[in-house]
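First to last, the protein sequences are chains A and U. Counting from 1, position 44 in the first sequence corresponds to residue 44 in the working numbering; the numbering is continuous, with no gaps. Add 1000 to the 1-based position in the second sequence for the working numbering, that's all there is to it.
Careful: at least some of the hints might be erroneous.
With the Cβ distance kept under 8 Å, some of the chain A side facing chain U (calculated, not the full set) [as the list claims (entries may be wrong)]:
#: 1; residue: A54
#: 2; residue: T81
#: 3; residue: R83
#: 4; residue: G90
#: 5; residue: M91
#: 6; residue: F93
#: 7; residue: F95
#: 8; residue: E100
#: 9; residue: A111
#: 10; residue: V115
#: 11; residue: S119
#: 12; residue: Q120
#: 13; residue: L161
#: 14; residue: V163
#: 15; residue: H204
Hints were generated in silico from the structure; no laboratory data involved. All residues carry an ideal CB built from backbone N, CA and C; glycine is no exception.
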Amino acid sequence: MAPDLNVLAVRDLEVRRGVRHVVRGVSLDVGRGEIVAVMGASGAGKTSVLRAVAGLDPIAAGSVAIDGLQLAAGPLPRGETLRQLHRRVGMVFQFHHLFEHLTALHNVWLALVHVQRHSQAEAERKARELLDHLGVGARAEATPRELSGGEAQRVAIARALAVGPPLLLMDEPTASLDPARRGELAATLRQLASEGRTIVVATHDEEFARSCAHRVLIMEEGRVAR
Amino acid sequence: MSHAVRPKSISRRVRLKPDTTPRLTPDTTPRLTPDTTTRLKPDTTCRRPRIVSILCVSVAALVTISVSAQTPELRWGGDAEGGAPFVEADPNDPARVVGFEVDIAQLLAEGLGRTPRFIQTGFTTIDASVARGDFDIGLSGIEDSYARRTRLAVTVPYYRFQEILTVRAADAARFRTLADLRGRRVATLAATLAFDLLTAAEKEHGLLVVPYEDDVHPYTDLTVGRVDAVLLDEVLAERGVRRHPGLTNQPTSVGVGYYVGILAPENVALRNQIDAILKQAMRDGRLETIFRRWKMWNDDQPNLYGRVTADESSGAPQPQSAASDLSVWAATRRYLPSLLTATVITLVLSVLSMALAIIVGVLIASGRVYGPAPLKTLLTGWVELIRGTPLLLQLFVIYYGLATVVQLPAFLAALIGLGLNYGAYESEIYRSALESVPPGQLDAARTLGFSDRQTLMLIRGPQALRLALAPMTNDFVALLKDSSLVSLITVVELTKQTTIFASNIGSWFVPGVVCAALYLALSLPVSHLARRLEKRWRRT
C-alpha cells in the first residue's frame, strides 16, 4: 500500500521503559478500513506500541504517522499536536477505565461537550446513537459498577468512537469476555471496519485474532517476528 | 485528626456575676470596707503566666510527702503557673514553691500542728478539686464571691485589693475612668471581678470587654495598641507597669475585692479553726510580715484586718446578693442568649475556617500532585511544619508573635490560624484521594483529549471528592471543637462562654449539658448531610 493511503504508518519505532527497550524497531502500515491484530506473549511489546501511537508513552526513536499527523521521537506530544492526535486516535483499554462517577451515557458524551464543544443535547443524542449501535442503549443510565464486562467494553468503545477518530486501538479486548461475547465483538469490529474505521487490536487470543483481523502480526521481545 | 488539647490556662481569676453584684462604683469608690461591700459574685481567680515547671513542683510535693510522713498534713491546692507573688517555683530551687500563698499555707499549717503539702491544681479547677476532697484548702489568689460562699466553706478575707485601670502613658490624661473609654477596647482576665465590672461598664459606658486567658498579654497588647486599657487587680497592674515602661496606672480604684481560702462545704470546723488562726495572725502582725516581705502591704490591709478581727460572729463580709440569683435554671435562662451568641460565633468561625482550609488544602494538594519537584518539597515541608506543631502555638504566633508587624483582629487571627492548620490536614486528604483515582482513567481522559485541568475538574476531582467526604466531615466536626482554642486569643466562643457560665454558678453540670447540646446541634446536621451525600454517591 502506498503510504498516503495508510491511516497508520509506524517506522522503526522504539519505546523504552526506563533503560529497557520494550519496543525495538517496529514498522507497521495499516490501511483505511483494515483490522490488524498484533499478537504475542505478555511482555512482547504489543501494548507499548499502542500506547506510543495513542500519545501515552514517549517515542524513543523512529516515527509514527496517523492520518497525516507526524509524531516524532522526543517527549510526549503537547498542545496542538496532542489535540490533532486525539481527533485521529481512539483507544479502548483492557480494563475499560470508564469514569466511575458517571453513567454510561455521560461517559460517552463528556468529551463531545468539553473537548469538541458540541451542545449538551447534540452530544447526548450522538452518545445514545452510539450506545444503541453497539447494543448497549438500554444500559445508558447504568454506572460502570453496574455493567458486566462485555457491556463496559461496549461503552468504552462507544466513548472512544464518540469523537470520531479514524483509528481505533484496542488493548486485549477479549480478556473480560466469555467465548460467545468474543464472537459478538469480532462481528462488531468487522462492522466498524466496513464503515471505514481502521482498527489495531493487541491480543494474545489467536482464535479471536483470526476471526476478525484482516492481518495478524506476531511480536516477540519488542520486534515484529512475522 | 486530633489536635492540641486545651492547655491548662495560665493564670486567671474567676468571675463574679455582674448583676447581683452591687457594683462597686467605678472611680468614685475609694475602697469599700468589707461590711459595706456587696459581694462580688463568685468565682475564682487567678493569674500570672510564668512558665513554671510543674514537674519541679510535683517533685517538691513528693519531697514534702516523704518528709512529712509522720505528722498530719495540711494539703493545700494552688496553681504555680500563676507565678509571683502568689505561688511559683522558686527560681533558685525549682523543686520548691514560693509566694505569699505558700507563706500563708505554712502559717496555717503551723497553727493546726500540721505539715503543709502543696498540690498543683489548674486555676480553674481549684473550686471543684477542693469540693471533691483533693486537698483541704485552696489558696491561689482566689477572689471572694457570692457564688463561692454559697457552695464552699470560705475563710475570712486576708487581703484586700483594688481594681486598677492601666493605660498607655500618652493616654493618661484622656482615659482616666471607664466612662472615658466609650467605644474603646478594654482588656482583662475572663471570669474575674474585673471582668464583671467591665461587663457592667460595657452597657453603661459603651466600652468593649476583651477577655484574656492570662495576665501578661493584656499588657503587651496595650503596649502595641490592640486594646486601649487594662483593668486588673493592683498586684497585676503593678507588675504590668513594671514590665512595660510605656504604661501607667490610674490612681483611682475602679473596684475592690478580697482574697480568701476555700474549703469543701462540709469542712466548716476546719474553716473555723483556720479563720481563728488568720485572725490571730492579723492581730499579732504575722500576716503583715508576710505581705511586707512580698511588697504587697498597704494601708488598705489594717482597715480590713480591724473589721475582720472585730467581727467574731461571721468573720467575713456577708454577701448581699439575693438567693434567687443562684437558681441554676434562672442562671441558665440568663446565660442562654450569650451562649447562643457564642454558638453563632463558633459556627461562623468554623464554617469560614473550614472554607479557608478547603481552599488551602486544594492548592497544596494540587501543588503536591501536579507541581514541579521543588514546589512539592516546599509544600511537603509546610504540611509537616503545620502538622508537627501545636495549633495553640500557631494561634499564639499569628496573634501575639506577629503583633509587632501586623496587628490582626482576634477573629481574623483565629480564622487564619484554624484555616491554615486544617488546610494542611485537608491537603493530605485531597492528595491521597487524588492519587486513589485509578491512573488508567487519567490515560483514558488523555486519549479523549481532555486537558490536565479538565481532567482534574471533570474526572479526578469529583471522584476524589467522594473519597474525601467522610474524612472532611470528620475534620469539620473536629474543627468545631478545636475552635474553642481561640478563646486563648480573646475570641469568646461557645466553650469560653460556657466556662464563664459554669464558674459563675459554681457547677459544670448544667452548663456542660447545655454546651454539649449546642455543639451537637452544630455537628449532627453536618454528619447527617454527609451520610446522605455518601449514600447518594455510593451508587457510583
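Going down the list of hints, with the structure as the test:
1. A54: holds, 5 Å
2. T81: Hint violated; T81/A Cβ to chain U Cβ min 12 Å, cut 8 Å.
3. R83: The hint holds - R83/A has a Cβ within 8 Å of chain U, the shortest such distance being about 6 Å.
4. G90: holds, 7 Å
5. M91: This hint holds: M91/A lies near chain U, its Cβ roughly 4 Å from the closest one there, short of 8 Å.
6. F93: Constraint on F93/A satisfied, holds at 6 Å.
7. F95: holds, 6 Å
8. E100: Check passed: Cβ of E100/A comes within 6 Å of chain U, closer than 8 Å.
9. A111: Because about 4 Å separates A111/A from the closest Cβ in chain U, which is inside the 8 Å limit, the hint holds.
10. V115: This interface hint holds because 4 Å falls under the 8 Å limit.
11. S119: Nearest chain U Cβ about 17 Å off; hint violated.
12. Q120: violated, 14 Å
13. L161: violated, 11 Å
14. V163: holds, 7 Å
15. H204: violated, 19 Å
Against the hints set out earlier in the document, violations occur for numbers 2, 11, 12, 13 and 15.
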